[in-house]
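Order-wise, the sequence lines are chains D and Y. 594 is the number that UniProt numbering gives to position 594 of the first sequence; each next residue is one higher, with no gaps. 94 is the number that UniProt numbering gives to position 94 of the second sequence; each next residue is one higher, with no gaps.
Don't read these hints as lab results, they were simulated from the structure. The reader is advised that the hints may include incorrect statements.
Said to hold, decoys possible - Straight-line alpha carbon distances no greater than 30 Å define the calculated DSS-like cross-link-like pairs of lysine-lysine that follow: (1) Y/K361 to D/K194; (2) D/K200 to Y/K271; (3) Y/K271 to Y/K130; (4) Y/K157 to D/K202; (5) Y/K130 to D/K200; (6) Y/K328 to D/K250.
Unchecked claim - Cβ-Cβ distance ranges computed for the label pairs, FRET-style: (7) Y/G391 to D/A240: 48 to 54 Å; (8) D/S243 to Y/A259: 39 to 45 Å; (9) Y/K271 to D/M221: 43 to 49 Å; (10) Y/G391 to D/R196: 25 to 31 Å; (11) Y/D307 to D/E220: 56 to 62 Å.
It should be emphasised that the depicted structure is a prediction, and the values quoted were computed from it without experimental measurement. We treat Cβ as the ideally placed atom computed from N, Cα and C, and that holds for glycine.
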Amino acid sequence: MGDWGLTETSMDNYEISSLSHVEMSPSRHNNLMSAYSLPSSKSSYSVISAFCTEDNIPQCISYINQELGSLGLAAHIQADPPGRASLNAAPALNAMYELLQIHRRTMNSVEELEKEQLKKTSTLEHMQTSNSRLKDQLELSIREKSGLHETERQLQLKLKTLQSCLKTEKDEVQKLQSIIASRASQYSHDAKRKEREAAKLKERLSQLLVDRKDKKLAIEMLNSLGRSDGKRSHWKTAKATASREAEMYKSLLSDYEASQRALMLENAELQKVLQQMKKEMMHILSPCPPLNRGGSAEESQELGDSDREERSAETSRETLDQSCEHAREQLTNSIRQQWRKLRNHVQKLDNQASLVQNQPPSNAEVIPLETHEQEVERMRLEVQQCKEFIHAQQQLLQQQLNTSFDDETAALLNGCYTLEEKERLKEEWRLFDEQKRNFEKERKNFTEAAIRLGREKRAFEEDRAAWLKHQFLSMTPFADRMRSSSSDGQSALSVKSEPEIKTSSSKVPPVKSSAYTTFSTPKPSKSAAVPSTIDVCRTLRLIPDYSSSRHSNQRRWQESGATEDEESWLKSKSKVCSSDLSIFSLDEDKNPLT
Amino acid sequence: MNFSEVFKQSNQLCKVSPDGKYLATCVQYRLVIRDVNTLQILNLYTCLDQISHMEWSSDSLFILCAMYKRGLVQVWSLEQPDWHCKIDEGSIGLVSSRWSPDGRHILNTTEFHLRITVWSLCTKAVSYIKYPKACQKGLDFSRDGCYMALAERRDCKDYVSIFVCDDWHLLRHFETETQDLSGLEWSPNGCVLAVWESCLEYKMLLYSLDGRLLSTYSAYEWSLGIKSVSWSPSSQFLAIGSFDEKVRILNHITWKKIAQFEHPAIIDNTKTVYKEIEKRPAVSSDEMSLHDITVASSLFSTQSKYDISPLPVQIPVVKPDPDRANPKIGVSALAFSSDSRYIATKNDNMATAVWVWDMQKLRLEAVLEQTSTIRCFQWDPRRPRLALCTGNSKLYLWSPGGCVSVQVPAEGNFSQKNSCFKFFF
Numbered sequence: 001m002g003d004w005g006l007t008e009t010s011m012d013n014y015e016i017s018s019l020s021h022v023e024m025s026p027s028r029h030n031n032l033m034s035a036y037s038l039p040s041s042k043s044s045y046s047v048i049s050a051f052c053t054e055d056n057i058p059q060c061i062s063y064i065n066q067e068l069g070s071l072g073l074a075a076h077i078q079a080d081p082p083g084r085a086s087l088n089a090a091p092a093l094n095a096m097y098e099l100l101q102i103h104r105r106t107m108n109s110v111e112e113l114e115k116e117q118l119k120k121t122s123t124l125e126h127m128q129t130s131n132s133r134l135k136d137q138l139e140l141s142i143r144e145k146s147g148l149h150e151t152e153r154q155l156q157l158k159l160k161t162l163q164s165c166l167k168t169e170k171d172e173v174q175k176l177q178s179i180i181a182s183r184a185s186q187y188s189h190d191a192k193r194k195e196r197e198a199a200k201l202k203e204r205l206s207q208l209l210v211d212r213k214d215k216k217l218a219i220e221m222l223n224s225l226g227r228s229d230g231k232r233s234h235w236k237t238a239k240a241t242a243s244r245e246a247e248m249y250k251s252l253l254s255d256y257e258a259s260q261r262a263l264m265l266e267n268a269e270l271q272k273v274l275q276q277m278k279k280e281m282m283h284i285l286s287p288c289p290p291l292n293r294g295g296s297a298e299e300s301q302e303l304g305d306s307d308r309e310e311r312s313a314e315t316s317r318e319t320l321d322q323s324c325e326h327a328r329e330q331l332t333n334s335i336r337q338q339w340r341k342l343r344n345h346v347q348k349l350d351n352q353a354s355l356v357q358n359q360p361p362s363n364a365e366v367i368p369l370e371t372h373e374q375e376v377e378r379m380r381l382e383v384q385q386c387k388e389f390i391h392a393q394q395q396l397l398q399q400q401l402n403t404s405f406d407d408e409t410a411a412l413l414n415g416c417y418t419l420e421e422k423e424r425l426k427e428e429w430r431l432f433d434e435q436k437r438n439f440e441k442e443r444k445n446f447t448e449a450a451i452r453l454g455r456e457k458r459a460f461e462e463d464r465a466a467w468l469k470h471q472f473l474s475m476t477p478f479a480d481r482m483r484s485s486s487s488d489g490q491s492a493l494s495v496k497s498e499p500e501i502k503t504s505s506s507k508v509p510p511v512k513s514s515a516y517t518t519f520s521t522p523k524p525s526k527s528a529a530v531p532s533t534i535d536v537c538r539t540l541r542l543i544p545d546y547s548s549s550r551h552s553n554q555r556r557w558q559e560s561g562a563t564e565d566e567e568s569w570l571k572s573k574s575k576v577c578s579s580d581l582s583i584f585s586l587d588e589d590k591n592p593l594t
Numbered sequence: 001m002n003f004s005e006v007f008k009q010s011n012q013l014c015k016v017s018p019d020g021k022y023l024a025t026c027v028q029y030r031l032v033i034r035d036v037n038t039l040q041i042l043n044l045y046t047c048l049d050q051i052s053h054m055e056w057s058s059d060s061l062f063i064l065c066a067m068y069k070r071g072l073v074q075v076w077s078l079e080q081p082d083w084h085c086k087i088d089e090g091s092i093g094l095v096s097s098r099w100s101p102d103g104r105h106i107l108n109t110t111e112f113h114l115r116i117t118v119w120s121l122c123t124k125a126v127s128y129i130k131y132p133k134a135c136q137k138g139l140d141f142s143r144d145g146c147y148m149a150l151a152e153r154r155d156c157k158d159y160v161s162i163f164v165c166d167d168w169h170l171l172r173h174f175e176t177e178t179q180d181l182s183g184l185e186w187s188p189n190g191c192v193l194a195v196w197e198s199c200l201e202y203k204m205l206l207y208s209l210d211g212r213l214l215s216t217y218s219a220y221e222w223s224l225g226i227k228s229v230s231w232s233p234s235s236q237f238l239a240i241g242s243f244d245e246k247v248r249i250l251n252h253i254t255w256k257k258i259a260q261f262e263h264p265a266i267i268d269n270t271k272t273v274y275k276e277i278e279k280r281p282a283v284s285s286d287e288m289s290l291h292d293i294t295v296a297s298s299l300f301s302t303q304s305k306y307d308i309s310p311l312p313v314q315i316p317v318v319k320p321d322p323d324r325a326n327p328k329i330g331v332s333a334l335a336f337s338s339d340s341r342y343i344a345t346k347n348d349n350m351a352t353a354v355w356v357w358d359m360q361k362l363r364l365e366a367v368l369e370q371t372s373t374i375r376c377f378q379w380d381p382r383r384p385r386l387a388l389c390t391g392n393s394k395l396y397l398w399s400p401g402g403c404v405s406v407q408v409p410a411e412g413n414f415s416q417k418n419s420c421f422k423f424f425f
């Protein structure tokens, strides 16, 4: 029983108990014995006293006989002297012996059973441990298997890649081989060529060595040519070489400068394009499209804000020299930023559009395309109507301004206006006709006056000549003759001066005219008649002149014109005077002209 | 288009003078000068041997005739037919001969590229330039004629010498970062020299006029590299055609690639593809006799016209022999139009097609597919018009408006081997 030690593996309570049971077994027998003995010893008196007393001995004997009979033993216990408390010793002792035998036998069997049980539990334990061990082993082996599978798979992969690598390497090797082959053929070709050349050289050398007739190289020319550019050739000096170097560098530099200029131009153009692009992108992003409501409004709002900020910042930067690296970087960064914004915006629009397409138009934020179009149409119609309305109103207003009365009065008024205008027009035509007539008259008079003047001039000249002659002839020391001649002279002078004064554009004062009347000259009647009639007319005319000047509310002619015409009027007046003395009627006619 | 009558010329030596007034042709050892408009023979010169190379001087006053076998160069004057000049290189031999830009010096390259002899016709003086490199294009004059760049090779290293053409003194001499320099070319503005490696390595070096290395460009390693190079007339672009059938365009500001033009066999991305279609007259073979064939040459002249093929178009590709050197693959010919608007390219393994690219939009403008391989093409110096010939008796013209093929009227077997176009305006 002590041979099976405790195993470290899991122990059931059962096992522990069995072990304890096993451990208990060596002393069990004793315990049992003691256990048996104990109650027998402890409660021997009580049992005995409980079962058999001196009173119920025969009952006890009969009971024991029954028990013995049930056990299969001879039930022969009887009281020795019947009725007395003592027993027949031999059957009782036999019965006791047989019971002891039975007991011993059972004890042995119990022991054997216990032994068996111990054995069995130990084998069970053993089995269990081995079972667990085997289980562990199984698990382990399963894991190992899976691990091996894994490694196998990896190895297969590796194998595949290695195979493909091998293939590529093979291809490359083939390619390289072909390259090598071509190179080798090229090399061999070149080598052959060089060999042939060397052979030719050797041949030539041998030929030359044999020949030894070295034909000198020479040039035969009829005459030297001039240089192609016509200049003389220069000596080779250090300065010349330096100048050559300088020329070379100059040409290089000019080429570099030209290319740099071209590049700068291109750069400037590209920058301009970028700037424009940036502006356009900003423009596209910042004004919020009105139909794009909802969430996008905030985005466009913030875009607008950021754009405004950027714009204010950018305008200050734009003044910087664009060739500056910093400015360039800024420009490109800002362009990138704008582009990113634009792209995001477009993406959002795309998403929205796709959303709208996918979902039914229950989304209140997003306006579907159809309603958008409808709105646009509606607004267009409205605009059209408004325009028409405004136009109509304008027309009506115009009409209103023109005609503030009703139709009849409007027509009457129109008629009045036209009538008034007609009357005015008629009046003006009349005046115009009168003036025209007067002008004709005046013209006529003027021409007549001019003719008369011419005649007078001639007469005067004759007169003058005569007077001069007279004067010359009459240059005598005699006084009275002088006086008369002087008076004549004076009169002649006065006559002479008169037309001069007349021809001058100044008005003749009345004093002079009165002075003229006193003189009488022995002139021809024409010239004599002229002052007198002129004088008369003048004096007469002066009155209506003043009256006319006082009463004139008509247009006035120019003074010069008037004075020129004065003479003609005088002439005409003289004529009229001579014929008809109705001066005042003439004056009346003259009135509108003065 | 008017064609003159055919007149004989040998060795493809038929050149028009730079001023456009005269036409010089070589027939064996005779040099014939004609007036361009009337084609009347103005002068006839006789040289001492068969003429190998003939060149006009830049002022159109002199003609150089080189006879390489004899090592002689004879110079003739147009104004004075009596004037003569003979340069004998002696036993050193002659491999190439050319004029200097001022038309008063002759540069002779001796045999085995031992040296370059500079003969002055003004002073009879001789200068020597040693160690010139024997490569594809080892000598180049700048467009204004001021400078000459020469590739040299000493001690297995490449050098470039820049000479001033006035007095031939050495301005700059610098080593280049090349293993085996294959060619050099001045930019049209004369400020940048493009130097490229042999086809074994893709390397393009750009040197400024004073010898500083401005930039290096290498598109890829190991495969065969640069095949052809061309500057745009405005000096803004450098086009590099390479063996990988691509053209790469570098810009003059950063010297980096701005565009890459590819030549795929299936074209899908162009405006138009013009395909030449030949119409052969039906010939019944039984009744043909030899006499008929030789005499009736007009029977073989085919009418051809251009047809616009619908996209996508497949261009016939000829795969080159991989074992041979200088394989017939890659872009071998590049030419910019005079306004730098277009570039025409030819890919050697699609030798029947000319590709015209638009430089403003950097894309393919047109593809002309001919019936036979294209020999050469050249742009009109005034307007964007491309003329090309394929070795038959026709001349093909392309302009942005369209394409036309013109038959050159000729009797007999007329074939254009290598036309040198000169446009008259």
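Quick rundown of the hints versus the structure:
no. : hint                         : in the structure
1   : Y/K361 to D/K194             : violated (45 Å)
2   : D/K200 to Y/K271             : violated (53 Å)
3   : Y/K271 to Y/K130             : violated (52 Å)
4   : Y/K157 to D/K202             : holds (23 Å)
5   : Y/K130 to D/K200             : holds (20 Å)
6   : Y/K328 to D/K250             : violated (44 Å)
7   : Y/G391 to D/A240: 48 to 54 Å : holds (51 Å)
8   : D/S243 to Y/A259: 39 to 45 Å : holds (41 Å)
9   : Y/K271 to D/M221: 43 to 49 Å : violated (57 Å)
10  : Y/G391 to D/R196: 25 to 31 Å : holds (29 Å)
11  : Y/D307 to D/E220: 56 to 62 Å : holds (59 Å)
Violated hints for the displayed structure, listed by number in ascending order: 1, 2, 3, 6, 9.
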